[in-house]
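There are 2 protein chains.
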Amino acid sequence: MILDCQSQGAKYVLKSPTSLPNAGGFLWNQQMLIQANCRGYAIAQFMQPDAGKYVSGPALEAKTFMQPEQPYYANHPGRFFYIKDNATGELFSAPYEPVRAPLARFEFINEAHQISWLVECQQLRVTLCLRLPTETAIECWQFSVENLSDNARDISVYPYFPIGYRSWMNQSGQYNSELNAVVCRSIEPYQKVADYFKNQSLHELTFLACERSADSWETRQHEFEGEGGLHNPSAIQNTTLANGQANYCTPTAVMQFKLKLNQGQSEKLHFIFGPAKNSEQISKYKKQFLNNAEQTFAQLGEQYQAYLAQGEGVLQVSTPEPEFDAYVNHWMARQLYYHGDVNRLTTDPQTRNYLQDNMGMSYIKPTTTRDAFVRALSQQKSTGEMPDGILLTAGAELKYINQVPHTDHCVWLPICLQAYLDETGDYALLDSLLPFSDSEQLLSVSEHISLAMHWLDKSRDERGLSYINQGDWCDPMNMVGYQGKGVSVWLSLASAYALKLWTQILQEHLGTTKPEMVFFNQQAELMNQAVNQHCWADSWFARGITDAGRVFATQADKEGKIFLNPQSWAWLSGAADARQTGLMLTAIEQQLHTPYGVMMLAPGYTAMVEDIGRVTQKFPGTAENGSVYNHASAFYIYSLYHIGQADLAFEQLLKMLPKQQDMLQRGQLPLFIPNYYRGAYYQFPDEAGKSSQLFNTGTVAWYYRILLEQLFGVRGSKKGLIIKPQLPSHWNTATIQRRFRGALFTIEYQRMVGITEQQVFVDNSPVEAQCISDFSAGNHYQVTVNLPIGLQ
Amino acid sequence: MILDCQSQGAKYVLKSPTSLPNAGGFLWNQQMLIQANCRGYAIAQFMQPDAGKYVSGPALEAKTFMQPEQPYYANHPGRFFYIKDNATGELFSAPYEPVRAPLARFEFINEAHQISWLVECQQLRVTLCLRLPTETAIECWQFSVENLSDNARDISVYPYFPIGYRSWMNQSGQYNSELNAVVCRSIEPYQKVADYFKNQSLHELTFLACERSADSWETRQHEFEGEGGLHNPSAIQNTTLANGQANYCTPTAVMQFKLKLNQGQSEKLHFIFGPAKNSEQISKYKKQFLNNAEQTFAQLGEQYQAYLAQGEGVLQVSTPEPEFDAYVNHWMARQLYYHGDVNRLTTDPQTRNYLQDNMGMSYIKPTTTRDAFVRALSQQKSTGEMPDGILLTAGAELKYINQVPHTDHCVWLPICLQAYLDETGDYALLDSLLPFSDSEQLLSVSEHISLAMHWLDKSRDERGLSYINQGDWCDPMNMVGYQGKGVSVWLSLASAYALKLWTQILQEHLGTTKPEMVFFNQQAELMNQAVNQHCWADSWFARGITDAGRVFATQADKEGKIFLNPQSWAWLSGAADARQTGLMLTAIEQQLHTPYGVMMLAPGYTAMVEDIGRVTQKFPGTAENGSVYNHASAFYIYSLYHIGQADLAFEQLLKMLPKQQDMLQRGQLPLFIPNYYRGAYYQFPDEAGKSSQLFNTGTVAWYYRILLEQLFGVRGSKKGLIIKPQLPSHWNTATIQRRFRGALFTIEYQRMVGITEQQVFVDNSPVEAQCISDFSAGNHYQVTVNLPIGLQ
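Listed in order, the protein sequences are those of chains A and B.
Just so you know, we're using UniProt numbering here: the first sequence kicks off at 1 and counts up by one.
Just so you know, we're using UniProt numbering here: the second sequence kicks off at 1 and counts up by one.
Because the hints were derived from the structure by calculation, they are not lab data.
As the structure is a prediction and not an experimental result, all values here were calculated from the model.
None of the hints are false.
One copy or two, either will do: identical chains are not told apart, so a pair holds if it fits within one copy or between any two.
Derived DSSO-like pairs: lysine-lysine, alpha-carbon spacing no greater than 27 Å straight-line:
1) 485 / 192
2) 192 / 458
3) 192 / 381
4) 558 / 277
5) 53 / 277
6) 284 / 53
7) 458 / 514
8) 192 / 53
With the rest of the complex left out, here is chain A:
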């Protein structure tokens, strides 16, 4: 059990536990990503140029996308240090696995720029610290051990970095004494000649190098473990390791360092671990990182902090909710930055993910967002259709789910663009000329997007509803319309919303109404009408109509009776009137609300429904099958603010953001918003609320947008910064720092008796029309916002 989980600025400390969760944090740079959990397990990927691994588990692994709720097991990849008392033979391991010795003290300290562990056992204090360089795919580990006892100690330290079973063709491992490194080699098998040439970019080597030479080493996993097993390896029971060479057997990287420590004395060791093309590269890394390691590692920390500082975002908050503040101020922009900076370590991000992740970059590096729109629209087809994924590198290919056709990608163009335009005012982008994937013809960005809107308009059936084909935003709803007939209510509403938004953007850009804009608005209304005519299901909107003509997600369904998205987007698109809104809110509250957030659908499917598809095969309460799916929750909250339900919206928002209590409740540290929390609350109450532990999600950009646009109401516009907060009614004060187009605004919100309308002052002068337009980059402004008592 976790005894405590305290917030100390950006640090989270997990005190001495008798049993540890699988919670952890992650670090990344442009070349790699590592997810390290508090027990010592780790999952790492690097770009070569597609994401690959440099260590694996003990069996041949399937190649797949990042898994939620990753299962860990004794031989799971990780980074471990065994510490043996040479006098007594007593053994423990840091941070915790594989020995799992009872520890006198344990701290897992997640900072934005490093992950550390502090472990005390047998009167030895061990600290581990993992850092990454900003541009190299290398893990930098600092190990230190301090003698806390009254006696001199004679100990052996054994870093154990398992490499795993990576190839049935050829694996080896040996110690290179020139490099002070265990160097393991793994050949990627190929059967077709063409694959051989593709594989040439792969890194064959994985190495663990130290600043000093090892006293002994072992590179054979099986001989290391022996009959003692991982928790008490046979090799460690001997005075020295066997200096074994791994020849076509599972390799591992283990070294022994014999250390003598007087009372109070400590020793440090520095290691680098990662993939390499050849030993010259390892040698180069060694010079770069391990000559003068202590100083270099310190610099790495500073450089990484400087790198993170580029992603600090535009918002700092001080509110009546300290946990909310802690996440927003220390972690939220970091997660935004991760998504926008490395595109989830893929070379073919799904178009919708790419656009939404880059929507988030509007608040961090708007030029990145601009480039992303340019790249995405240059890969549009001249029919207006957007591809399923955006290729980021030469030679990249559409993989996995991107080989299945989805119908919603065009929708995200105006939706995401709006955030960029609001934040930057860069309407000039709309006039940039771009080609198509299948045509050299240059059209402006706004013509590209209009084509996309026409494609959405045309991709509808005789009822005026949008075809779903093999999926919309909900990938795994892949059999609703695969025969070319089924339609999506969500997509129809999202199309209506997109067309309306696009018309507004054009209006703002052109300052005039063109016939095309009238047409788009008309079509949007027709879409809303069609949904109302065919898919209003008494108290909520259904989810779609299948190829067989079955309207689904209605009272008639036992499972998948109600979906969240059609309701949220009916509010955004304007399809729902006030009467409907009341019914919908009640239905959502009764059927989808849980103590852990709002479920995406309910009840979760427990068996395959062939006319819906893959989602119905998923376990109830996970991913898209009735989980508290954060992305859908964000749409819900965004739409609640849209219809003025600020208190309900904030209540739901707080449930989505990670909190200290998550440690107990969801098994997660409050460092990131996961893609989902387990739902199916009425079906599997014991499991509900658990975190997926997966930080890849289109969600975080939306929450950031919600905070700016809606909660704190500091949205940009062509003219300036619009102040239009929707604070929860129980907040009497709040203060934020908002960066906007180079200026800094300190904004104090306060509720006041005696006023009925919001009042805004900049440096004590009242502001007209709630919009701060008279400001200059580089300046700092004091803004006061007076709000009536109790108003949402």
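Once you have looked at the hints, place chain B on chain A.
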């Protein structure tokens, strides 16, 4: 260390070890295959209709073919029983993993029809016995425990059958009290709609059922292990298990049975474990196998022995080599039968494997061989070319390596057919009419094979050498000729041999010489000449000429200097003259012979050679890169007998066949011929000789053929049984039983002074022309073969 490994008839006993190897045995039926090792680990596959698994490791596994030198690790799939003394809490597990407690006694008993373990620990004797039904994909486990102590004992028995991480989409597990079974469910994920329909044949359930109801159970792997770990599971430290239900987490099958045993008392439990489509099927299995389980399990053993008896083969021997006799009499035909009966559990066997495995069936069920020829030739293209794999079921597809074009498949038609015709005399087969894969035109088997011979003749370059394309018999030599220019010496010689053989078969069949036969013989001679002209490399034949025109496997090469196959087949094809033969024998002895057998090539490649291909990426000494590759060794031995080198041939033969000493030397029980033993003897001497532990190999049919045709010289022919032994010169006597076309021959060989030529007597009457043609099915004949002293 292994203390002893005794042969007791068909049983192999491994006495109390302090450390166990990974050696094991295998059982199969038409539906499944299980490889169980002495530690308790297991690998199982079943047909649905392609080979699939019903348990996995703890991480998502890649789908791949059966791996040699399979790496085992703590969480590797297996079948285990924990036994806890409820009074003291003391724990051990049978057979050995995962607790690895020191055992007072350990026996691993491999019989042809069952695999058993006997374990003594804490004064309890546990025996485990695994049997299979003959036609169902179900494991039948009998567990028994006997109290050896002087006191009454109160114990808990926990079968632990891990299911593993089989799906990121949906996994669950629960105890079904009606079935007394843990039932786990796993959904095969799909992303493309078409795959959904393909997946419908898959079995979603894995279950462990017992004849009696469990006292408690656990179905969650993680909760079962807890912080105690697999070697000391937390769940077992409690009085009862938590009766947990697995919801979207790695499931496991664990039950607790509380047993009270008086002094000397024993208890038995029967379990069935395997895949199922639904609970009705489990219920049916339970009725079938667990009602009256003791008797049913006994019947299973008898039925399985009856099933094996159908594959007993045609040879029993008694020679001066008892270990040789043990393998040949108890195990050899079994391995032959396995290959021919289940085609390595694939639905698309490689054509060459299919033909050779079915060549072996000539000695067991010749009608199966006949059917296989009919099926294979019906899939021939009308150009004469054979496909890369033979499809066995409707809906089967060419997979993996069968998607890469290879050039040798036609060669095996006459070579394998000859064995069938010799054994059966069924020349009528040659007149059967068959279609082609791309044409309904019916041609006779002999016309089909002649077309194949013409295809071989035409698939040659301007020098008259056979194109290798992306590989010949050696799959991974895939880049020698992928540009369409490179040629194979082995394939040129094998083509020459095939054409000559085919001419002989036609001659025998027709009794006359037709122009086509003359043509084939002429072309065969031209092939031999071309090889001699372009590829004789001073003292041996090279292996080929690459696309770039480089003759390789000559003195000029540092690695891959000499290959075994071109030499062996030059002898078979008649390309080598006496002078060359002497040089070749010397080169082979100097460069390829090792104490563990003859290597396929040497030195093993240590780095990629692009104009040769994949084989050069393999680890030296493994599979085709310089291992003692048993299939190539068989060709070598066959060819040595062919040129009258009987003593050398037998010396090599003995090295290939598994022996008791293999337990120590190669980590393998002497139950089957593996596909290879590690080679690279001069490069990695410490590793040389180790067994691949993989029993899938085209080898065993050849060794059987060698024993019959060459060593004991009891080859069939159109006219009858030809007696032409090539006993090693140091054997003075030997006796065999040879079944042949329904008759039984007891043949006694004896060396005699005073004779210079072989003499054969049947029931004391001399035999003309060494051929026993006057015999009748159902009769038993006594044959005496007198041989001159010392003649090979």
